[in-house]
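The listed protein sequences derive, respectively, from chains A and B. Residues in the first sequence are numbered from 1 upward in steps of one, following the numbering used here. Residues in the second sequence are numbered from 491 upward in steps of one, following the numbering used here.
A few of these clues could be false.
[Claimed, not checked] Listed next, the stretches of chain B that the computed footprint assigns to chain A, with coverage defined by at least 3 CB atoms under 8 angstroms from CB atoms of chain A: (1) 788-801; (2) 811-819.
[To be verified] Among chain B residues calculated to face chain A with C-beta under 7 angstroms, some are: (3) Gly568; (4) Glu657; (5) Leu664; (6) Asp676; (7) Ser678; (8) Gln684; (9) Phe687; (10) Ala743; (11) Asp828; (12) Ile831; (13) Asp835; (14) Gly907.
Simulated from the structure, these hints should not be mistaken for lab results. These numbers were taken from a predicted model, which means no experiment stands behind them. All C-beta atoms, glycine included, are put in the ideal place defined by N, C-alpha and C.
There are 2 protein chains.
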Amino acid sequence: MPSYKAPVADTLFLLYDVLGFDRHSNLPGFADAGRDTVETILEEGAKLCEKSFQPLNRSGDLQGCVRLANGDVTTPNGFKEAFKAFAEGGWIGLAAGPEYGGQGLPHTVAAAINEYASAANMALAMYAGLTQGAIAALVLHGSDEQKKLYLPKMIEGSWTGTMNLTEPHCGTDLGLIKTKAVPQGDGSYKITGQKIFISAGEHDMTENIVHLVLARIEGAPEGTKGISLFVAPKVLPGADGSLGERNAVSCGALEHKMGIHGNSTCVMNYDGATAWLVGEENRGLAAMFTMMNEARLGVGVQGLAQSDVAYQNAAAYAKDRLQGRSLTGAKEAAKPADPIIVHPDVRRTLLSIKAFNEAARALVLWTAIRGDVAHVSEDPKERQAGEDHMGLMTPIIKGVITDVGFDNAVKAQQMFGGHGYIAEWGMEQFVRDARIAMIYEGANGVQAMDLVGRKLPRDGGRAIMAFFKEVDGFLKDNAETQGSNRSSSR
Amino acid sequence: MPSYKAPVADTLFLLYDVLGFDRHSNLPGFADAGRDTVETILEEGAKLCEKSFQPLNRSGDLQGCVRLANGDVTTPNGFKEAFKAFAEGGWIGLAAGPEYGGQGLPHTVAAAINEYASAANMALAMYAGLTQGAIAALVLHGSDEQKKLYLPKMIEGSWTGTMNLTEPHCGTDLGLIKTKAVPQGDGSYKITGQKIFISAGEHDMTENIVHLVLARIEGAPEGTKGISLFVAPKVLPGADGSLGERNAVSCGALEHKMGIHGNSTCVMNYDGATAWLVGEENRGLAAMFTMMNEARLGVGVQGLAQSDVAYQNAAAYAKDRLQGRSLTGAKEAAKPADPIIVHPDVRRTLLSIKAFNEAARALVLWTAIRGDVAHVSEDPKERQAGEDHMGLMTPIIKGVITDVGFDNAVKAQQMFGGHGYIAEWGMEQFVRDARIAMIYEGANGVQAMDLVGRKLPRDGGRAIMAFFKEVDGFLKDNAETQGSNRSSSR
Chain A
1 MPSYKAPVAD TLFLLYDVLG FDRHSNLPGF ADAGRDTVET ILEEGAKLCE KSFQPLNRSG
61 DLQGCVRLAN GDVTTPNGFK EAFKAFAEGG WIGLAAGPEY GGQGLPHTVA AAINEYASAA
121 NMALAMYAGL TQGAIAALVL HGSDEQKKLY LPKMIEGSWT GTMNLTEPHC GTDLGLIKTK
181 AVPQGDGSYK ITGQKIFISA GEHDMTENIV HLVLARIEGA PEGTKGISLF VAPKVLPGAD
241 GSLGERNAVS CGALEHKMGI HGNSTCVMNY DGATAWLVGE ENRGLAAMFT MMNEARLGVG
301 VQGLAQSDVA YQNAAAYAKD RLQGRSLTGA KEAAKPADPI IVHPDVRRTL LSIKAFNEAA
361 RALVLWTAIR GDVAHVSEDP KERQAGEDHM GLMTPIIKGV ITDVGFDNAV KAQQMFGGHG
421 YIAEWGMEQF VRDARIAMIY EGANGVQAMD LVGRKLPRDG GRAIMAFFKE VDGFLKDNAE
481 TQGSNRSSSR
Chain B
491 MPSYKAPVAD TLFLLYDVLG FDRHSNLPGF ADAGRDTVET ILEEGAKLCE KSFQPLNRSG
551 DLQGCVRLAN GDVTTPNGFK EAFKAFAEGG WIGLAAGPEY GGQGLPHTVA AAINEYASAA
611 NMALAMYAGL TQGAIAALVL HGSDEQKKLY LPKMIEGSWT GTMNLTEPHC GTDLGLIKTK
671 AVPQGDGSYK ITGQKIFISA GEHDMTENIV HLVLARIEGA PEGTKGISLF VAPKVLPGAD
731 GSLGERNAVS CGALEHKMGI HGNSTCVMNY DGATAWLVGE ENRGLAAMFT MMNEARLGVG
791 VQGLAQSDVA YQNAAAYAKD RLQGRSLTGA KEAAKPADPI IVHPDVRRTL LSIKAFNEAA
851 RALVLWTAIR GDVAHVSEDP KERQAGEDHM GLMTPIIKGV ITDVGFDNAV KAQQMFGGHG
911 YIAEWGMEQF VRDARIAMIY EGANGVQAMD LVGRKLPRDG GRAIMAFFKE VDGFLKDNAE
971 TQGSNRSSSR
């Protein structure tokens, strides 16, 4: 059975010794995020992920989700309890506003915890991750009334969130969306249509599910300019959050997938479901992209997470498995063979994965800090620079880290020889789970188009030029250090 | 549901228009392999693979193999009948000697058919492939009596073959083998020990299974120099091939694997099983490597096969799936969107897979021809050159084609977006099945060691120098053609 240890020390080193997280302690949220506090938070989060999430990873894969005849969906044994522990610990709302019950910490801390949760149990972590994305969309685009109704429930984890974009005939090309919304004259709409690939679309973990749905209001323009965003709860709530009638939205089927079996991936049928507009009419795509961008960063973190947990298990196996002798003579002559870590190809493979993981984690945290600064700084220049950096790095984090993260999971699996192909060892699950991250929230080819077609040329290349300037500046500032490192490594 | 069309025209083009297969028509076997005959053979084989093997690929993956309480193993529905059709058509013995009931055709033709069978249903094709490998080992190392007893049954496909190398504590490092063989004084041995990862170790498709087993004769030297090869049939046959008592070898468990679910991968327990020595005492590893080298080429072909069937389905999907518009303006304006093949990234991906597949197929067939010539030529120089080429190319074909073949299956899956992750589309099965080819018959890191540590330096680099010379010669002979191609492509 595979194991997992959250890299708390690595995270702290990056945050405080490399990235200067504490330089921003004048900003809201950051003030409460001193090194000691963050260390305690990360250690507590790590414990929960290691002890509560990770032991359910393989059993959740084996058991998967089941749709009952009435459309209800049961999640694997233990998922409900583990999610509840995560929610009650305040982990879903770590970075959410205190006015809605959140902890008000920087998103950077949440990004670190999300890495641990995804590494421990990606399928389970997704229920919380999607809720965080839906929270972000409602914070930015919801009305005050909507925020007051939905956010406290989602932040405390008694309701989860989903994003409903894809339809059978369209995923990347959302202009083709057919799902219809008909205004009812009382401010509400009736939504009719079918959505597919809806992660956490139906489950038994919470009393309600908040669906954010893209649909076309009757008479709206064709294409992407006629798409609006709606909130359609599974159970219709009163203004006080009390639960009323079941809404006309239901899970028609569960998808059979290569991996993340513990996550309920649903076909959702909207049969005149009651819904309310979020943000402006026909501006739904822009609003949904708040959630999408949040999700893309989260998916990049999933790539890192699978790469890291696969690495940890491969490194442990390589130190344990005795097979063959070192080319330079027996290293453990008393044993029947040397551990395979003596072989250069094994070391090269493991080190290349480790090096990537450390760089990827640094990129994720650096970008998360820039994003936090963009959200809360009062300096317009700093805000803009942070936004630019986030925009530029989102497709890179999503595309590169998930591509290489998958490759790394495959490489780590290879270290096990034939045992890597056997389910009990858990390595093949990391590969199957990691595979989806290259696909969802915009397949990686779409990330490349976003980077080259939009992010690089935007504002005359301001974001990429600022990035180059920062890198150049760092190199110049550290020219001497670099020189001394070079000589010491000789 | 995925589909498959065997590339008969491509195979014929390579054999006759590129590789000069008919230049060898003076050699035994080749004389019967004129273009018309081979075309008929390939078309018949293609038909069987497409109509009998391919429709069982997904059902076999879903159903898998089942071990009953008594140790019997049932294969997925339809596998028994499809294997029987393959056997009765003479496909297993396509390249086997006519004196034992084989067709006596060049192995090259069998390699082409094996590609089709593996692409159509890798798990099912393995039962035949392993039998072919065991036939090859017995032909070279078996006694006349053993050949007479086993070969006709295996060639006609009423008995299948296996190779038993791996034990729980050793795979790559076979010097650690613990399985014991005790001589009984009557020329037979009793074998005791446990073997794991034994493909087709137990099944319900044939009346008998011929296990080739590596074991250590009591008192033999330690390490690889004390390993012998044995034949241990599941049911003990009389000299006339009639079936007698059940031998003390049984399937203790089936492995739960990432893919090739239709292939029964067994833990095999030898509890004093009756067995006979194949070849010389303590020379078992060399004898098994006959089967192993055959198997490595076969595994390389599996990489090509999965790459090709994944490509075929991705190309068909890309022409069918409407999503987005061409960057250079709508290509199918009457439709709601253009087929995704209009997108440069989709075309680049598909073409890069196709280009690799064509090159890989050429390398496989070229090497197969050189191998055939090495087997049957009377010119010692030609034999040696063929052997050199086979030895050099075996780790390359096994390592490179399975690595890239897997990557290609992943790329082809990516063309489907979210649908690629859904089991019904079949793309994720190609990825899962292709993954094992990088691992078994020597993990690809071992292939690299074989190439660099053994094959390149062997005989003062004779094989690689001959290869370079051949490539140089080809380039010089075609210098003019190359020039004209260059200008015409401008």
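Inset, instruction - Sort out which numbered hints this structure fails and list those numbers smallest first. - result: 1, 3, 4, 5, 6, 7, 8, 10, 11 and 12
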